[in-house]
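Protein chains in written order, with full-length UniProt numbering: chain A, 1 to 652; chain B, 1 to 652.
Careful: at least some of the hints might be erroneous.
Claimed, not checked - Not close to chain A: a few residues of chain B, all C-beta gaps over 12 Å, as computed:
| # | residue |
| --- | --- |
| 1 | Asp106 |
| 2 | Thr154 |
| 3 | Pro269 |
| 4 | Asp548 |
To be verified - Quick look at which bits of chain A chain B covers, simulated, 3 or more residues with Cβ under 8 Å:
| # | segment |
| --- | --- |
| 5 | 251-261 |
| 6 | 316-328 |
| 7 | 533-544 |
| 8 | 574-583 |
| 9 | 617-628 |
| 10 | 643-652 |
The hints are simulated quantities; they were obtained by calculation from the structure and are not laboratory data. No residue lacks a Cβ here, since even glycine has one placed at the ideal position from N, Cα and C.
Protein chains: 2
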Amino acid sequence: MDAPRPTHETLRPIPLADVTIDDEFWSPRLDTNRVITLERVYDHLKTNGCFDNFRRVVGEAGGEFEGQMFIDSDAYKWLEAASYTLATREAPTLERRVEELIELIDRVQAPDGYLHTYFLLADSATRWTNFTVMHELYCAGHLVEAAVAHYSATGEDSLLSVARRVADHIDDRFGPDGADRIPGHPEIELALVRLFRVTGERRYLDLAEYFVNRRGRDPSPLAGELGRLEELADPTIYERNLDSIESVRRTYCDDTGAYDGRYAQDHTPVREQEAVEGHAVRATYLYAGAAALLRESADPELFDALERLWTNLRTRRTYVTGGLGSDFEREAFTADYDLPNESTCAETCAAVGSVFWSQRMFELTGEAKYVDLVEQTLYNGVLSGVSLDGTEFSYRNPLETRGDTHREQWFYCACCPPNVARLLASLGKFVYARSNDSESLYVNLYVGGAVETSLAETPVALTQESELPWAGDVALDVSVAEPVEFTVNLRVPEWSDEARVAVNGEPIDTEATDGYVSIERVWCDGDRVDATFPPTVEVLRAHPDVRDDVGRVALRRGPIVYCLEATDNAEPVHRLILAGAESVRAVHCPELLGGVTVLEGEAATERMEEWRTELYRPIEEIDREATAFRAVPYYAWDNRDPGAMTVWMRYA
Amino acid sequence: MDAPRPTHETLRPIPLADVTIDDEFWSPRLDTNRVITLERVYDHLKTNGCFDNFRRVVGEAGGEFEGQMFIDSDAYKWLEAASYTLATREAPTLERRVEELIELIDRVQAPDGYLHTYFLLADSATRWTNFTVMHELYCAGHLVEAAVAHYSATGEDSLLSVARRVADHIDDRFGPDGADRIPGHPEIELALVRLFRVTGERRYLDLAEYFVNRRGRDPSPLAGELGRLEELADPTIYERNLDSIESVRRTYCDDTGAYDGRYAQDHTPVREQEAVEGHAVRATYLYAGAAALLRESADPELFDALERLWTNLRTRRTYVTGGLGSDFEREAFTADYDLPNESTCAETCAAVGSVFWSQRMFELTGEAKYVDLVEQTLYNGVLSGVSLDGTEFSYRNPLETRGDTHREQWFYCACCPPNVARLLASLGKFVYARSNDSESLYVNLYVGGAVETSLAETPVALTQESELPWAGDVALDVSVAEPVEFTVNLRVPEWSDEARVAVNGEPIDTEATDGYVSIERVWCDGDRVDATFPPTVEVLRAHPDVRDDVGRVALRRGPIVYCLEATDNAEPVHRLILAGAESVRAVHCPELLGGVTVLEGEAATERMEEWRTELYRPIEEIDREATAFRAVPYYAWDNRDPGAMTVWMRYA
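Model the full assembly from the supplied sequences, consistent with the hints where possible.
Right, dumping it as structure tokens:
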């Protein structure tokens with residue numbers, strides 16, 4: 001295979017196999033993900049029809065197709081997660097399951113490369129006619145991502161061959177030289193760029209570019225389908241997708257019934273889009289794909305658009321947890337500063353997609369602000385997607401609940417659990433990065449472990465110890481066979497304003513450029529960098545246009561966002577009023593919730609007996625009484641007695 | 001006709017014809033209602049098919065039935081409003097229109113008494129089968145109320161005869177000796193009690209009692225219809241009602257699909273209900289009817305239920321404007337303390353219904369707290385339902401909008417405009433009341449004008465001058481032919497805590513009992529009561545469980561609730577932070593909005609340039625700058641340049 005041919009200088013991740021993680025916070029989580037969650041996901045897919053659909057195609061199982069139209073993608077996401085695991089450790093049972101599943105998929109694939117179990121089992125006449133709803137390209141994208149992960153992890157091309165046949169099948173039919181179509185749900189764009197990177201096949205890149213650039217231009221291929229949805233599938237399909245033809249049309253149209261396309265980012269070309277709109281997972285997947293594309297070919301206009309969209313997300317449409325997508329029903333963005341805490345969707349998959357997108361933006365720019373959002377999202381809005389024991393998952397991630405929202409063991413639409421699994425299993429990809437000229441190493445996440453790479457054409461090993469997120473000390477030890485000059489860029493987290501860095505005990509200037517302290521020197525074996533990013537308590541307010549956060553504050557310490565849970569507090573959490581930012585203190589509790597630092601402080605509540613008979617009272621008549629509160633990390637909520645929870649605490 | 005036979009001592013309103021209104025605040029509004037609004041409503045009903053439907057039945061117009069199934073009720077509400085007007089003044093054109101319409105209705109009525117234009121025009125086989133949706137009893141109720149108003153105003157029984165035939169038709173078929181049915185939308189209960197009062201026919205009272213008591217008992221007649229909705233009407237009817245069979249079923253069922261009935265207060269017997277639930281108009285109409293019933297026959301259990309329900313409404317489910325019904329889509333109550341400001345319904349009709357209900361509760365008890373809610377609702381949530389010029393109406397009455405909510409000239413579902421019209425036209429009924437023994441006069445609302453009545457078997461006239469709502473002085477002058485002993489009960493408004501009262505210049509004790517200062521004495525001609533209820537500015541907070549009002553305050557002065565409108569303020573209203581309750585001052589502006597006292601004061605806003613790039617910032621880094629604000633009466637909002645509005649102002 002040809003090597004990828006980047007066309008301009010950018011950053012690139014370190015291959016997963018070159019990074020090990022040995023970290024007090026993350027290692028137990030990754031173990032749980034590997035041992036418990038991957039097993040759980042596998043078991044659910046074994047029993048919910050997902051694997052059986054593949055077996056049915058080759059006559060090894062009876063019955064009818066089960067699940068939603070895109071249920072194949074859950075198998076692929078599981079394969080991708082499993083492959084990341086196999087990249088870094090031996091896991092014979094997992095390896096056997098991966099091989100069995102790949103072997104099955106290989107047999108399921110049609111001779112012409114087509115691969116989507118619903119259409120292989122039935123209704124073959126409407127293959128490739130209903131891109132709006134049927135998600136064939138979405139599933140193909142997940143297959144390709146799994147194949148790239150499997151090939152990178154094992155060096156074997158068993159799944160990659162299947163994926164290439166799928167990609168070739170698609171490329172033969174659609175895109176620059178084929179029929180004019182775009183996916184209803186982006187995903188294949190990023191996948192095709194990744195496939196290009198491992199295969200060097202330029203046409204995969206061209207197809208990704210086509211899908212990105214075609215989007216939002218008139219006439220929309222999706223708009224053309226909307227009027228004919230009845231012909232383009234057995235109408236019961238829509239119910240299977242928890243949908244109806246009417247609601248699909250409403251979703252894609254404005255109030256006048258005219259095609260709008262915003263829901264699938266098809267309202268205007270990407271490079272002209274001003275704000276993140278529509279279904280949040282679709283949006284982040286599309287923009288992650290577009291950013292990945294940009295690493296291969298410079299396109300300032302597209303880059304400007306992505307930077308503008310990301311800035312819109314970051315400064316107007318992201319929850320403090322990193323969650324995104326305010327509209328519960330549509331799983332979609334709404335308007336700037338519209339961030340309801342209780343009724344939100346904030347889908348786990350959208351947080352995962354946000355990490356993918358931000359990481360690619362970092363890779364294009366080397367700017368730490370993108371990694372800041374990766375970190376914010378990972379520690380909060382992604383981790384909240386799975387229970388501490390790895391067996392229960394959240395689809396929605398509200399920042400406030402009266403106690404009626406909980407993680408579940410599984411979902412009919414089960415996109416989120418394997419998505420968290422694949423992100424956690426690939427955490428190593430986010431810790432370090434290397435400049436394209438291999439002269440600089442970026443330390444992006446403070447996660448203990450090691451990295452082995454090549455810098456200035458010299459093998460370099462670096463071990464990291466980190467006390468984050470609970471304490472701030474980080475140590476980096478350099479191993480090199482001989483002295484070599486390169487740069488180590490330490491990210492200064494946005495939450496840190498007392499960073500200290502020393503090289504071999506000598507303090508250095510911590511003035512950061514693009515969010516990094518750069519240490520450029522000739523490194524010798526045994527050199528050591530000591531850094532401290534003390535995680536101090538921050539009492540945050542939201543932008544005044546966020547109406548749902550008026551009079552409230554969020555507590556953050558380092559990268560961790562906190563919440564109040566009923567089980568920790570004598571008073572109902574929504575009645576607790578922070579008595580003063582200075583009263584909040586951090587207390588580490590090794591036995592609690594797998595070991596967490598909690599925040600405790602002084603609070604007040606209004607005297608409730610005086611409110612018993614009144615709904616509105618003059619402010620000067622309202623008395624308060626002192627109480628205390630305890631807040632726990634948001635990611636750990638709903639792991640004990642169920643009850644009310646809120647991230648945003650009353651302040652006034 | 002037999003006289004009504006009250007069975008226990010209660011309060012009763014003074015007949016409308018005995019009260020005149022001559023008040024700086026109210027008279028211009030009542031003139032606008034009489035001259036402009038009644039005319040507008042009439043014109044709309046003339047062109048929107050409402051009157052034509054009646055003509056179609058008698059072959060005087062062509063075409064098909066137009067409008068919603070209950071569109072007849074709009075004609076009846078207009079007749080009721082017009083009749084109240086005729087009770088107090090000559091209005092030849094109005095009188096002619098009333099007579100013409102009554103004559104038409106009389107001819108439309110079927111020989112058996114049936115009267116509902118949709119079924120008279122078509123689909124007669126399904127008459128009286130679909131009480132859930134078709135609202136035949138609801139329309140009958142409004143006809144009866146119009147007839148009672150017309151009879152009381154004119155002494156003529158032209159419409160009353162029609163109404164009696166309708167009531168007899170219903171009584172012959174349903175109720176104690178007929179088929180077991182209840183209305184989907186309460187309204188007929190109150191109407192039947194009123195009909196009993198003017199006719200003395202006990203069976204109307206019995207039928208009302210049956211409808212009230214049958215409600216919420218198993219098996220529900222409405223539940224029985226739900227499974228057969230397809231058979232019980234032409235399915236297009238549901239669309240005509242802006243509805244669908246599916247949504248009707250969802251509305252009446254819980255998440256499991258089991259009958260719930262809460263939407264129509266049919267979930268449990270009224271006397272066992274604990275909280276106001278379901279569609280807010282249905283609820284207030286039902287409870288107003290039940291309370292009216294109680295004035296005729298003591299029923300402590302039912303009274304306790306109504307008191308409990310009213311207390312639930314007052315202390316947990318009413319907006320500070322008197323609005324009610326938090327759920328936009330269902331126009332319904334939701335949960336205690338769930339009072340969203342922007343997404344609410346707060347239907348004008350529900351505020352009107354709340355006034356009806358509270359007034360009947362006062363009549364049962366003589367307690368001023370019920371009148372307090374009447375006053376709060378009249379001055380705010382009812383008056384907001386019509387523009388100052390009387391030509392535009394609101395269906396919803398949100399307490400906050402970003403500028404996209406406005407009054408409209410008319411609605412397809414036009415229940416609200418004639419409902420406001422009939423309430424304003426009958427304002428005189430709410431100003432005074434008299435004890436059943438005729439020994440006490442209650443002065444409930446401070447509205448200038450006069451009342452002529454009989455106290456202690458002596459004719460008494462009382463004139464009232466009132467500066468409310470803008471200033472607090474009230475004067476009452478007594479005219480009697482000879483000295484006579486009776487009691488004058490002056491309501492001390494709940495917002496007043498500096499009340500002063502003097503009789504003939506001599507201050508008297510203002511200690512109130514059940515909210516009234518009682519002045520029991522031998523009154524002589526020329527006696528004068530001077531009272532002062534200074535309307536001071538109150539900065540109100542909501543109960544801590546009202547999540548949408550956290551960190552916010554509402555400004556009230558006397559009975560008037562204020563709001564911030566974009567047109568008066570240089571900064572966006574949602575960003576204005578009240579700088580201190582003591583800064584707020586009242587300024588009377590005779591030229592503004594028909595003459596209003598505005599509130600002005602000091603405010604702050606956060607420095608927005610520092611928020612440009614951040615969505616969340618540490619509280620200690622947030623700077624504010626001083627500004628000023630102006631608030632106007634909520635009832636007067638949206639009468640100038642359209643824009644954002646909020647009742648609840650940031651306080652922190």
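Hints, one by one, checked against the model:
The beta carbon of B:Asp106 is kept farther than 12 Å from every beta carbon of chain A, the shortest such distance being approximately 44 Å. Once the 12 Å rule is applied to beta carbons, B:Thr154 is consistent with being away from chain A; the minimum gap is 42 Å. The claim that B:Pro269 is not at the interface with chain A holds, since no C-beta of that chain comes within 12 Å of its own (minimum 26 Å). Its beta-carbon lying about 8 Å from the closest one in chain A, B:Asp548 breaks the requirement of being farther than 12 Å from that chain.
Interface restraint, the segment 251-261 of chain A with chain B: violated (0 residues with C-beta to C-beta distance below 8 Å; minimum three). Only residues whose beta carbon comes within less than 8 Å of a beta carbon in chain B count, and the segment 316-328 of chain A has 3; three or more means the coverage holds. Counting residues of the segment 533-544 of chain A whose beta-carbon sits less than 8 Å from any beta-carbon of chain B gives 7, enough to reach three: the coverage restraint holds. Taking a C-beta to C-beta cut-off of 8 Å, the segment 574-583 of chain A contributes 3 residues in contact with chain B, enough for the three needed, and the coverage statement holds.
Using a Cβ-Cβ cut-off of 8 Å, 5 residues of the segment 617-628 of chain A lie near chain B, which meets the minimum of three, so the contact claim holds. By the rule of at least three residues with a Cβ nearer than 8 Å to a Cβ of chain B, the coverage given for the segment 643-652 of chain A holds, with 3 such residues.
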